[in-house]
Amino acid sequence: MTRHDVSPYATVMDDSQLSGRPIVVPGAGPYGGDLEIPEPLVTGAKKWADVDRDICMHAEQFPTKRWWLAFSVALCFLGLLVFSLITLFYAGMGIAGVNQPVGWGSFIINFVFWIGIGHAGTLISAVLYLFRQQWRTGINRAAEAMTLFAVCCAGIFPVIHLGRPWFAYWLVPYPNARGPLWINFNSPLAWDIFAISTYGLVSLTFWYLGLLPDLATLRDRATHPWRQKLFNAMSFGWNGSQRAWRHYESAYMVLAALATPLVFSVHTIVSFDFATSVIPGWHTTIFPPYFVIGAIFSGFAMVITLMTFMRGYFGMKNYITLNHMENMAKILMLTGMLVGFAYATEFFMAWYSGSAYEGFVFKNRAFGPYGWAYAIMFTCNAIIPQVFWFKSMRRHTLVLFIVSILVNVGMWFERYVIVVSSLHRDYLPSSWGMYALSRWDYAILLGSFGLFFTLFLLFVRMLPVVAISEVKSVMDPTVARGVPAKAAPSPMPAALTGGIPATALQET
Amino acid sequence: MKPTSITGVLGDFHGPDEALAAAARVRSEGWTHFDMLTPFAVHGMEDAMGQRRSWIPWVTGGLALFGILFAQAFQNYVMVYDWPMNFGGKPHASWPAFVPITFELMVLCAAIGSAITAIVAGKKDTVPQPPPLLVKTGATVDRFVLWISSTDPKWQADAAQRFVQSLGADDVRLVEVEGANHA
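Top to bottom, those sequences are chains A and B.
According to our numbering, the first sequence holds residues 29 to 536 in order.
According to our numbering, the second sequence holds residues 1330 to 1512 in order.
Relax, there's no trap hidden among the hints.
Chain A regions said to be covered by chain B (calculated; three or more residues, Cβ under 8 angstroms):
#1 65–77
#2 221–229
#3 261–274
Selected chain A positions facing chain B (Cβ under 8 angstroms, derived; list incomplete):
#4 Asp-80
#5 Pro-201
#6 Trp-210
#7 Leu-237
#8 Ala-244
#9 Gln-256
#10 Ser-278
#11 Ala-279
#12 Val-282
#13 Ser-293
#14 Ile-297
#15 Ser-497
#16 Glu-498
#17 Arg-509
#18 Gly-510
#19 Val-511
With a Cα cut of at most 30 angstroms, we get these calculated DSSO-like pairs of lysine-lysine:
#20 B:Lys-1465 / A:Lys-75
#21 B:Lys-1453 / A:Lys-257
#22 B:Lys-1465 / B:Lys-1452
#23 A:Lys-345 / A:Lys-419
Everything labelled a hint here was simulated from the structure, so no lab data went into it.
Every value quoted in this text rests on a predicted model; they were computed, and no experiment measured them.
The beta-carbon is built from N, C-alpha and C at its ideal position, and this holds for glycine as well.
Take the sequences, apply the hints, and build the full model.
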């Protein structure tokens, strides 16, 4: 007896029927034991054709009032970003808060923050793909889009941090009329250029490759000939041919295998910006893993934030179920504990190294003038996610949402602590100083959220927010097929159905 | 009215299992220019259709090697030959410092090259297909559509149509397009 013969999936209509535990069918397993089957990833007894309708609907109808409201708020913040950037370029770096000795301020903090957020998308699509975590199909499209938009936001900050952003193209090693004068390939800042741009391009490729079959779905649903032609061109004339799927699947696997080390490399290289310096508190070997795990942590928090909106406002509860949210909460708790472990290790190494400067920096971090930032960071990142030890908390949407916001706040403060507390007091007490964000720093930070949400809101209106073809592949064919099978499976004794109505089980 | 010509036959199945069984039958009956259009990648379809494993990983490997060699050659050219500079007395050819960019360029070349190759291969390494804008197969919704192209050496329109019907397919239809046969 196979899983499909006993599928109780047709009876699971919504989150209230999901428990996060396997469905047990007593006596239906091999050798007469119990059969445990995982709960369905898609609820509501959806058919394959329903998936198209539910997901494409948002890209095909006129946006709702709620969308316009959210979009106008996001646009206002985007306008704030544009206005602040113009002011910054016009007036110069003097209007930002950076000065001696804190020469790296909110721009670098925001850069690391956004790049960190951008890590979850590719982690979900690549790492969870390699680990055969099928629940990723419900969230990977939106998470990958989130990655792209977060990388867009992150990309702004190193450029404006240059002070003279009109020379940003000097960072690219191309044959030029200045010598040619090349960049210094020994510099971690040059490595960063390659890491971030590779990450952006590979994430875009991975996202677009995943979109191809769904763009073809949009084409086949389109009624206007221009829309059909547009989506046909965008999907490169995809028609679902197995001869194309064969290469497609292979390339997708290869991309996942390449993107996995790429995810880990990007934040490793970002951490090199700090770790290769000689500033106490930065010059540590723990930085690469510490940054990577923090990035995954903050990225998953942002995914939970966005998925809460998608469940609530876009009616995706059948595709992004509470089980998906619980899985993400588990990852959030695990990475939160790893981040907490890294905080503890830093302190241990500061003491164990016997370096007076290192020891001072860490005491100063936790109890110095920026101790409040350290307290916010530690509470939000290491303590609050511990609520997810309780299943009821992992499955409570409001708790998930609040914790995800707090983790985002905590992770911003982690970068604040790393950047500011190390710089403001290093070796020489005579060159100590303090740092505060100026109003333009705040405006640009808020504005970057405007850019992020503007792009995300445009995405949810224009493209399928859930990977349609991948979701179809994890649905039970006996429930999802359009036309009933010709040969019905043999009827099952009621004793084997584990209390599930036998009629539901035989719906094939 | 423009002349039309038959380019192949389509037949619908409604589940992956039927599609796998049908593909295996089509193959064992000696057809070669056939395809199965599916809403998602069906596991085991490669075997059922008698396809070998995709050769994309070889392309990936080659491109990755190219990325490594290019990055190493370029960085050494710049840092050792074209404009050598002394940074803190370190050697010009400081290969460990070149590792991050070498890794990134390897991933960049391999990933983007593989994706493009896969898309092109899906168009070229195939049999003539029904044009997606003219023929709505339903394969992007919930149909598993068998397609036998008229370029198949065994092709005879009536026989092909009867054969697809004998497999238990629904809605078996010949595809006619305007203009001469594409074969």
